[in-house]
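Keeping the supplied structure of chain A fixed, place chains B, C and D with the ligands upon it in accordance with the hints.
Protein chains in written order, with the working numbering: chain A, 165 to 452; chain B, 165 to 452; chain C, 15 to 598; chain D, 15 to 598.
Source of the hints: derived by calculation from the structure; they are not laboratory data.
Hints should not be assumed to be uniformly reliable.
Ranges of calculated distance between the beta carbons of each label pair, as one might list FRET restraints [to be verified]:
1) 181/B / 103/C: 31 to 41 Å
2) 402/B / 424/D: 35 to 45 Å
3) 160/D / 424/C: 54 to 64 Å
C-beta: ideal position from N, C-alpha, C; glycine also.
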Amino acid sequence: MVTFKDFRNNVKPNWCPGCGDFSVQAAIQRAAANVGIQPHDLAVISGIGCSGRISGYIHSYGFHGIHGRALPIAQGLKMANKDLHVIASGGDGDGFAIGMGHTIHSIRRNVDITYVVMDNQIYGLTKGQTSPRSAEGFKTKSTPGGAIEPSVQPLELALTSGATFVAQGFSSDIKELTAIIEAGINHKGFSFINVFSPCVTYNKVNTYDWFKEHLTKLSAVEGYDSTNREEAMKVVMETEGLVTGIIYQDENAPSYQEQVPGYAPTPLVDQNLKMSEQEFNALIQDFM
Amino acid sequence: MVTFKDFRNNVKPNWCPGCGDFSVQAAIQRAAANVGIQPHDLAVISGIGCSGRISGYIHSYGFHGIHGRALPIAQGLKMANKDLHVIASGGDGDGFAIGMGHTIHSIRRNVDITYVVMDNQIYGLTKGQTSPRSAEGFKTKSTPGGAIEPSVQPLELALTSGATFVAQGFSSDIKELTAIIEAGINHKGFSFINVFSPCVTYNKVNTYDWFKEHLTKLSAVEGYDSTNREEAMKVVMETEGLVTGIIYQDENAPSYQEQVPGYAPTPLVDQNLKMSEQEFNALIQDFM
Amino acid sequence: MLQQLSWKVGGQQGEGIESTGEIFSMAMNRLGYYLYGYRHFSSRIKGGHTNNKICVRPTQVRTIPDDLDILVAFDQETIDVNYKELTEKSVVLADAKFSPVAPEDCKAPMYIVPFTEVAAELGTSLMKNMVAIGASAALLNLDKAVFQGVVDEIFGKKGQEVVEKNMQAIQQGFETMAEQLGDRLGEWEIAPADGKHRMFMIGNDAIAFGALAAGVRFMAAYPITPASEIMEYMIKKLPLFGGAVIQTEDEIAAATMAIGSNYGGVRAFTASAGPGLSLMMEAIGLSGMTEQPLVIVDTQRGGPSTGLPTKQEQSDLMQMIYGTHGEIPKVVIAPSTGEEAFYDTIQAFNIAEELQLPVIILSDLQLSLGKQTVEPFDYSKVEIRRGKLVENDEIPVAEDKSYFKRFEVTEDGISPRVLPGTEHAIHHVTGVEHDETGKPSEAATNRKAQMDKRLGKLQHINFKEPVYVNAPYEEADILFVGFNSTRGVLEELQQTFIESDIKVNHAHIRLIHPFPVEVMHSLVAKAKKVVVVENNATGQLANIIKMNVGGHDKLVSVTKYDGTPFLPLQLAKQVKELLTDGNI
Amino acid sequence: MLQQLSWKVGGQQGEGIESTGEIFSMAMNRLGYYLYGYRHFSSRIKGGHTNNKICVRPTQVRTIPDDLDILVAFDQETIDVNYKELTEKSVVLADAKFSPVAPEDCKAPMYIVPFTEVAAELGTSLMKNMVAIGASAALLNLDKAVFQGVVDEIFGKKGQEVVEKNMQAIQQGFETMAEQLGDRLGEWEIAPADGKHRMFMIGNDAIAFGALAAGVRFMAAYPITPASEIMEYMIKKLPLFGGAVIQTEDEIAAATMAIGSNYGGVRAFTASAGPGLSLMMEAIGLSGMTEQPLVIVDTQRGGPSTGLPTKQEQSDLMQMIYGTHGEIPKVVIAPSTGEEAFYDTIQAFNIAEELQLPVIILSDLQLSLGKQTVEPFDYSKVEIRRGKLVENDEIPVAEDKSYFKRFEVTEDGISPRVLPGTEHAIHHVTGVEHDETGKPSEAATNRKAQMDKRLGKLQHINFKEPVYVNAPYEEADILFVGFNSTRGVLEELQQTFIESDIKVNHAHIRLIHPFPVEVMHSLVAKAKKVVVVENNATGQLANIIKMNVGGHDKLVSVTKYDGTPFLPLQLAKQVKELLTDGNI
Ligand SMILES: Cc1ncc(C[n+]2csc(CCOP(=O)(O)OP(=O)(O)O)c2C)c(N)n1
Ligand SMILES: Cc1ncc(C[n+]2csc(CCOP(=O)(O)OP(=O)(O)O)c2C)c(N)n1
Ligand code: SF4
Ligand code: SF4
Ligand SMILES: [Mg+2]
Ligand SMILES: [Mg+2]
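So that you can see chain A by itself, here it is in the shape it has in the complex (with noise of 0.2 Å):
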């Protein structure tokens, strides 16, 4: 039986002490072992920021590779193994800011992989810039008069994007946010999970406290629906967005790689390269 030892590796974090990311991490190493899933069978895909370390700090194949791109990478890396784990991570600007882009095109893509973002409002290896998740008002050094933009809504830009996995967790609440992940995992399309994950450096508006203040648990609303897009939406809206939990999910739609034309049932990566001679011949027959 593999534990959440069985993840962690001889690796010292360089986050400042008391950063989010370590409970983070934790909760992906916990779920990880709860699905059963060997270290070598897991990839995590990382992009650039504090939180894009992290994928050094998991015992498991790791790839950080460049600001903004982990999802691209990711899926490529699973549409090769479909037999590997795929979790791509990276911060709010990193999936937000320059890698918007990607973001709500692997959503509506589908392909199974899991994503989570380490949220933390901030731009925090720079230094402290605003982020697209930064509230209005927010003084930081890039926005010294306070931010004048509305923070982009990742919940209900998920959802509009044809999401079939949207759930949002919170750092400090390591339980939740080790069942929302496992249930990312387990979840057979794009699973997109959102994490307040405080930087205790350079954001000192919404630290532990605030959310601690200002966060609503799913759990504790009765009857929620989470098969309910409509349902999902209206909570998102009504809670501004400051709620945690599973919060909507469609177990029945196919993930990409199921509707793919042709796609082997068998990993890419098994396959001999070489094709036989007779599929050679008949391809050169098309140009005869």
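For chains B, C and D with the ligands alone, coordinates are given in the frame of chain A:
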């Protein structure tokens, strides 16, 4: 008095006969005339695609940029010269595939420009590949078995991204479209206008007739309140996006320019480039 | 009897010009002729002049000629735009429908043939192209049976009646023409071909086929001229091999997705043109830094920016070598024929895996879209080499979570490669500088070791025939140098010059980077003048030679950047002018 | 009395190391010393070793020395990482708190000083840096009054009490140290400075200040190390001038937004580093093709990919020249000092408008973040030239909607430029090839004319002093060549070598592209060996010289790519080894 004829130039569009883009062009010309803009005070910034050619067919300043980047160019221009009327336009691939990130962030930013998407649910110029707006199941050169991704929902995306003006038109209904674009130009923030503009060559499904059959006009919806965002979202979801008219407008929201700290009330382009010696010395003092 | 036929059909885009050329060529191909075609078209869908110029020969041909023997015109514009290519020996066949007028200084006689009318009488004016083909057949004295196979193949699924109608159109075109020709019937007959069956394809087909044969099972791409056919081929064929194509949201996604797939162990690639390549620069750097194989096809077109998207150019050379920030090892391959396009694509995938780096297959519009005769590809020559791909059972069980040395500094400079999913080989991959296990490291000594290892890999490249050399002379007056599709025009020129007693060697660079310094050094040394011929304005290849080989004094840069390909006579004149100008 | 002091403070990131160096330097600056500082830091927010090395001299200094005179250590790691730089004449000041241990082979004596303890006693251990500064002052025999101004300025707004506490901390640091030092008090006293007031700033400040002085009123940018300070300066200052900064969603938006603003007539720019530049390649091409001015700053850092984001490198040179697909005219400027960074930035904006093209200001991490003494900028030297910007009243009324010839082929190759909003000058702009009015055109002759016009513009560049030359010898043994921040180390080396009777000339390339061929040709001709020194692995500048000037035989490429800057002694050794190896 300017008339729409003042916005005609002597270039013959190279669109296919019957292409929806002709009417979008006409509507922009009429709207500009109706608003009373002088041709030299209008700048049309366009992307790459059949649609993108539009900036060359209107007698006004025109900038035909690169694929997917009409919006940042347009915003840079508007920031430089707030007295200009700036219209950005391009195709559905331009705005929702490669340009998706800019589209969402431009909406959030709310710089006072008008964005007209010529949505034909296909890639025209590159000869008929699937676009993010192609409906599921739609067969194209690149999806011979039918598209397998749910199509992007422009109106929902705009609404969830904090849009202050969201509208949709149909290129056959020049009158309504003209009125929409006129309102968009008059709107003081970012106006997002999606226009169904059929591609008669590569899209044999979403034809003029198809739209005539499927579109609902908001003007026909009794008591529709375009200042109510929830109602807007509702009507968009109910009609599955097949609705035309001004869907949502917040006339009171300040534009980006109005909120930038210190931004000059007169166009930046009119400023004297050279600072005074006094100003210069004050800057030097910071480093002494 | 002609030793070569130069045939062109022209009209408005969207009018069936393409299929006219296609059917004519297919028939000639089946007779065993060698063909080389070049299409003139515009960046618009319907309307605008388009034409298709095809050179037919009983022997190898890899260039379009300057002149025309036959011009088939479906509109007046076709005559006006193309008549300068006509000589006294040529002929114009013009559709009666548009009341054609020959310009005063048109050297060739014009025959007005009722293409549309005849077709309409047979049922649909759409068949006017078949009538025109029939008329051409009369000039060439071709048996209409020659077309039966092609017509069967194209119209067969529409039923026997359609096939027959089309054959009738050809027949009537032949007859109507024959009547007008009188004595001249068959005057344009071409010397007989060998009757062998060969492939007839565009360069993009050869590249795509090569990719498939190399074992590609995944492609991620975004449409763009003139690369899209590669994606379209893969969309058609990959499902037969269990693979998939994803049309991505942009080129950045395409390149990074291809990296992801290669990381996963599946050969994957993307194809684009200039604008797309410009967007992929960061991804290419990632591939280089993380040592993940990546193959990218760049089908060059007229630049800069959107430029001349449907025109020939070779102006991305420098970008392909130097476009990425920082320093990575990178391979740039530039095939010049359909055959090379196929085999070099396979080489590209092998090298990408062997050296664990990005490989760019450089093509140009003329090679990518020009349709040419290609010798059937040889299955036995399809070799697949995956380099140091280590399997699980070759790896000792890792102790105490220590990472696998995926980036080990080895003697030959190549680190062992493992795929995610391998039990005993967990490691980290990052675009940040890293140690042998992939952990980020800023240590100066490690940095240097990893940089040296990565950049040093290029020394181990296993590329067959990096330069195509035809150098009959130990001491040459001229060494011609080119890359990509100028191959044919230079071959032609070399022959002509040799015939006028100028000693000419020819080198066509197939491996652009790492530059084949030695071969080129000795060839340059053997020549009095080095004439570098390229379709760009700044003489990029000439500059690369200056940088790598020197020889500034004897280098002459011949450039063309007006969107049109080099033509043999025109180029000969250009070179000769430089000769008499004392430059040579 | 020292002619130069080399001082370093080190500790954990986020511990106040930066401000220790800052306060010490500011005080020295006000005494009229010349300073040059270089920070070692990592790509993480808190924790990890960081240090700040500062060279203090009564005369100009533009490099950090190899050795250290004083090392102030706030943790053991600082000693372990840096002790090799210590000589017998140096000294370590270590905080008693971490029970410091000097390595056995440490040549310098160590003084253990209770920095933290003293500070804590005064109220807060945060003031330990002031104690350390006081201790340093004792070594230098500095009057504590020297610090009063700086402390006032920094802590003034926190109230008089805080100011006094900090001054007390300095005082006590001085005294505690003085006690330990005994006789050695003031042994590290530096030769007196001239007392003149000069600026002390990082290169990024100089660039940003230059942009503001050049009339920039708009910036669009995306954060990245080591460019962010430029954006941060503009965010602070632009509101004072009515302008604005937009932090965009990515670098593509930043570059294209800047193009839009320039098109509108407002000087605008963006700044980034390698990864951002790789993403901007398509936009740069658009600027070149549409002839819209665009200025981009590239602050080079360790590549490739994410590479070594906080380390020195000069490896984007080739990309800056050749990164875009197709061929555009482009200017690349590489200032090497704070002064040049300021004036060259102004030149960049002038040239961008005069020649209507993209101009890249190349910097490197050492120049961008290294803090140095800079002569106060001269207002009278700030010249603004906008080129052929045509006003409405100079334009005849257009007839019948004919377009203005914005892309006219003129004698001097520069087309008249008008801004949108101009009544009589409506025209079209496109990245597609176009005619003189901006309408798309595929015509071959027009294409050639427009390409020739665009590329020919570079001949008209008006750039002051394209190469910094210090060439005392008509026949030199060595010509040193470099660019960007290697200026100081080469100046230093030139002097040392000249002192040992080697005839050395020095050329620092300030205008990288178009390459100053003539100047360099003659300098290369005058030298026996050309030693090109650069912080990259492939010798990019050396290659550019080979391409443009030749001289392959005498070129020696000296490279360093381990993330650390060149140091004078180390470099001298490296060069001398090459000399004795027979290479020189
Ligand atoms: C193309 C590119 N642009 C910019 C950067 C610099 N950069 C690194 S991380 C980052 C954003 C960090 O914010 P976020 O994604 O929210 O991650 P966090 O550090 O907050 O976890 C930026 C702008 C980069 N590495 N690459
Ligand atoms: C960076 C880049 N990638 C690809 C292309 C090729 N391209 C030109 S237009 C276009 C898409 C056209 O679709 P759309 O935006 O919907 O415009 P339409 O032609 O349908 O009006 C593409 C992919 C390009 N010009 N630039
Ligand atoms: S800066 Fe913020 S996000 Fe980054 S490691 Fe520190 S606390 Fe975490
Ligand atoms: S291809 Fe379609 S979108 Fe393009 S011009 Fe023709 S009809 Fe219009
Ligand atoms: Mg963040
Ligand atoms: Mg479209």
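Hint by hint, which ones does the structure fall short of? 2
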